[in-house]
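There are 2 protein chains.
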Amino acid sequence: MDYRFSTNVANLKSSAVRDILKLTQGKDMISFAGGLPAEELFPVQAVREAADRVFTAGTGALQYGLTEGFLPLREQLCGRMAAKGMAATPDEMILTTGSQQAIDLLIGVLTEPGDIVLVEKPTYLASLQVFALHGLQVVAADSDEEGIIPEAAEALIKQYGPKLLYAVPTFSNPTGKVWSEERRKRMVALCKQYGLLVIEDDPYGDIKFKSEENYPSLFSIAGPAENNPIIYTSTFSKTVAPALRTGWAIGDSRVIRMMAKAKQAADLHSSTMDQQILSQLLRSFDLDAHIALISREYGDRMLEMHSLLEQSGLSDLTWVKPKGGMFLWVDLPEGMDAEALLRCAVGKGVAFVPGISFYAGEPKRNTARLNFTHNKGARTVQGVERLVEAIGEFTVRS
Amino acid sequence: MDYRFSTNVANLKSSAVRDILKLTQGKDMISFAGGLPAEELFPVQAVREAADRVFTAGTGALQYGLTEGFLPLREQLCGRMAAKGMAATPDEMILTTGSQQAIDLLIGVLTEPGDIVLVEKPTYLASLQVFALHGLQVVAADSDEEGIIPEAAEALIKQYGPKLLYAVPTFSNPTGKVWSEERRKRMVALCKQYGLLVIEDDPYGDIKFKSEENYPSLFSIAGPAENNPIIYTSTFSKTVAPALRTGWAIGDSRVIRMMAKAKQAADLHSSTMDQQILSQLLRSFDLDAHIALISREYGDRMLEMHSLLEQSGLSDLTWVKPKGGMFLWVDLPEGMDAEALLRCAVGKGVAFVPGISFYAGEPKRNTARLNFTHNKGARTVQGVERLVEAIGEFTVRS
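Going down the list, the sequences are from chains A and B. Just so we're aligned, residue 1 is where the first sequence starts under the UniProt record's numbering, counting upward by one. Just so we're aligned, residue 1 is where the second sequence starts under the UniProt record's numbering, counting upward by one.
All the pointers check out, no bait thrown in.
Cut-off 27 Å, straight-line C-alpha distance, at most; resulting in silico cross-link-like pairs (DSS-like, lysine-lysine):
#1 B:321 - B:210
#2 A:163 - B:13
#3 A:185 - A:321
#4 A:185 - A:163
#5 A:13 - B:163
#6 B:364 - B:323
Keep in mind the hints are simulated off the structure, nothing from the lab. Bear in mind that the values here come from a model prediction, so they are computed numbers and not experimental data.
Next up, chain A with everything else stripped away, as it sits in the complex (with noise of 0.2 Å):
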């Protein structure tokens, strides 16, 4: 049989994450690679008890449901974004299949094949692959500690008139980076003045080392949810469990109403049972409280990995400490391939995803994306120690 495949999927690369986890199955493998939570903190005990009053609440809760979601969630997920200064209303918000879902139903709405976004360099691996399946054009504009850099945005804007830009503007992945209060404003004030729309993919955001900073979304500092440029997604996947498979969205109601539409034929609607057990978790369960414990143990494990590495003795390898989220971003040696490096590393029983992958245009192939939320410890010693050997022997070559 000839299965002739769409070009777009065809020529699309199975995501690196995806190929090295497939290396790593059955070995004694230490993974910095994948974006995993840490299991030990998930709050089972209160997802059990939250699914148990689901289903005292009868035979109701196994129908179908709205595709937007389940009404009493979005509510209290608008309250949620109250707090942090976003005001939308349920009509202005959507649930998905996680925000992965956000991002493509996003995208199938906004744009057309051959259409150009602006992404930061680097940027999230997976939204490059939504880019490639719908047929667009990706530009890339430099960043610095602070964040995108608006000169080098508005140049792109100029020159190739982009559709919209996607940000991952809290604690970015891969680099784990925050975009300043004053960037953010400019961004804001920039896509305003040249009416880009904006996606803002925010599941990070709330894994704060400092609880103490805040970093304004460019959703509130758009305005309301009416008109916004922004169009805001976040997700419960870091900060309950991702097998729960909930984001959500929110925007000006006519960009929901045609997300519904398209995901009303991608899948009719996300898991409702999911939707149920969430919104009972939040009647009674401290999610801030929970959010604060992990944000604590997470900032200790990176503090962990970042003295390791510190410790590691090796001179010639640098990295900006993130204030939040669940990546650190490696600038290896000059001149060194992290492919290769990757390849002597899960030798040696450790993996890491290499940079490249996040790259729409030409890669910095010196880099390294490593996770420290899921391994602590002397799992987190023993995987530094291997990467810091496979490092030495490359070092040692070139």
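Mind docking chain B on chain A? Use the hints.
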């Protein structure tokens, strides 16, 4: 803000069913419109116990999962498929958010905008939405009481060179028809002859009113998964519960791998909470006995509606008595517009779906789809009375 939406999405008509559901909210409305299973038959206690066992297994249950879906459930489903003569391995299966997502992913990986898809006339309205969103053209072949007419299909294949056939051969939505075995064999031969891929959508095949009647799937007629031109999709939505949003597709592993690539961008994976619950459910719950129970009950409900329509005294109303599924397809008197009838019917407190929604091209306007599974007894009696009254008024007027 000027939101410029994708042409395909902007031009998509919202689902008639959704619009009708909005009309019916908050009123004493008897709805024969939605394709809703009977809530009171959901095995809520068994699902509750299954969920509890998932939580007992520990925190790992809440972690990210594979894009292809929870492996133990795929293994169990392969066993269930084998019992129906369908040979596939877990690598030839992917779990999706309902079978709706399987259709959307398949269309995404197997077609390019402008391709032509062949369907039976009329066909499932949410598949028509998928085709429209992917920029496909649709050609529709006539059918008779034996199913799609092979000569009509072949003429369209020769004339238009469609990329694939989308079919619901068993208890179709909307007509409730089932293709005869001879017709199935001829269509499989025809598709092989012309190198036509087939999406065989089978959400209703288990809901048989005569348990001794068996209808081999197109997939099983064509061979094992490898090199099979048929990709088969089904769901737990009608047999267990829609809220668990779990469907699956089986087919050649090359097709499944492409679907996984597309699904990674679409949502990373579906709810593993739901998948684990279903896997636990299948270990302890006699799903086949449950399917027999709901099939008997739905058969009784169909007979109830059938008898009420027969007794209505409306001699120019015709329908084929379904042998399974959830829908009764009615031909209204010649010249009657079902959309106009609906407005009158809603005024009297009963809703249905006008047939026009299920046609890609020129519709038969005097047709209506009635769901018989969600209501019974006095509700069904009163609903049919209201409907008959509405039709009576219209017959007098015309």
